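Residue numbering for the sequence shown is 1 to 252, as defined by the working numbering.
To be clear, the hints were calculated from the coordinates, so they are not data collected in a lab. Model, not experiment: these values are computed from the prediction. Cβ atoms here follow ideal geometry from the backbone N, Cα and C, with glycine treated the same way. Don't take each hint at face value.
[To be verified] Quick list of simulated restraints, FRET-style, between CB atoms:
1. Gly198 / Gln117: 21 to 31 Å
2. Glu5 / Glu89: 35 to 45 Å
3. Ala156 / Pro217: 38 to 48 Å
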Amino acid sequence: MQPEELRASLQSQADALNEAYKHHSAHDVLERALKDPDVGQLALVSSFGAESVALLHLVAVIDRSTPVLFLDTQMLFAETLTYQMEVAERLHLTDMRVIHPDPAEVSRIDPDGTLNQWDTDSCCALRKTVPLQRALAGFDGWITGRKQYQGAARAALPFFETDGTHLKVNPLAHWDRNDVQDYMNENRLPRHPLVAQGYPSIGCAPCTTRVAPGEDPRAGRWRNQDKTECGIHFVNGKMVRIPAPARNAKAG
Numbered sequence: 001m002q003p004e005e006l007r008a009s010l011q012s013q014a015d016a017l018n019e020a021y022k023h024h025s026a027h028d029v030l031e032r033a034l035k036d037p038d039v040g041q042l043a044l045v046s047s048f049g050a051e052s053v054a055l056l057h058l059v060a061v062i063d064r065s066t067p068v069l070f071l072d073t074q075m076l077f078a079e080t081l082t083y084q085m086e087v088a089e090r091l092h093l094t095d096m097r098v099i100h101p102d103p104a105e106v107s108r109i110d111p112d113g114t115l116n117q118w119d120t121d122s123c124c125a126l127r128k129t130v131p132l133q134r135a136l137a138g139f140d141g142w143i144t145g146r147k148q149y150q151g152a153a154r155a156a157l158p159f160f161e162t163d164g165t166h167l168k169v170n171p172l173a174h175w176d177r178n179d180v181q182d183y184m185n186e187n188r189l190p191r192h193p194l195v196a197q198g199y200p201s202i203g204c205a206p207c208t209t210r211v212a213p214g215e216d217p218r219a220g221r222w223r224n225q226d227k228t229e230c231g232i233h234f235v236n237g238k239m240v241r242i243p244a245p246a247r248n249a250k251a252g
């Protein structure tokens, strides 16, 4: 199938699913996605961040053998790495896959680990976008924890969408912050330790800061930069690419 045909087919599938499930619960949407053979093989992509445990628990309740992809960028907080292992064990996730950036590409493009200081888009591509694309190569689609309340760019987020090559499922799209917290409280789920320290949204350590009371929860991500997304959620196949002259631009 040609790329244009694939995009059109996926969009038609997403439209049909959204129409069928527009009034359904997160559980129903996720269960349908995981059990419908027409949807295909899915993986849950999780950052094991501030709210991730809610969706991870929901997946574990429905099918704990669902593949879970965790992008270890090698720049995460130590607390995130520990939390990931603890949550995976507690929820008995049986197909946990830790994804790393390619060592040869890291050595070539970011040998001293400073790329994030001068080109955050390329750093995200190197450590997130490209590794995720490779990890998703064997899947028909993926499940995300994105929600409409997380910002203007996500305000119209549907349950089902496409990135141009895969179907994307957003079971929690219509949940608000209270829904997430209520679910976590009711199921006595463990909290990411950095949340209590002022990090309501958690990414890589160099690009995440504490958030002051009254600030938007995502204000600490790429602070003071015109950037709100890491790049893995670009649609229609348009993702950030690593530039060829990766280091010369800095030196020149």
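Results of checking the hints against the structure:
Range check, glycine 198 to glutamine 117: about 22 Å between beta-carbon atoms, so the 21 to 31 Å window is met. For the hinted restraint 35 to 45 Å between glutamate 5 and glutamate 89, the CB-CB distance of approximately 43 Å keeps it satisfied. In this structure, alanine 156 and proline 217 break the distance hint of 38 to 48 Å, their C-beta atoms being roughly 19 Å apart.
The earlier numbered hint that this structure contradicts is number 3, and it is the only one.
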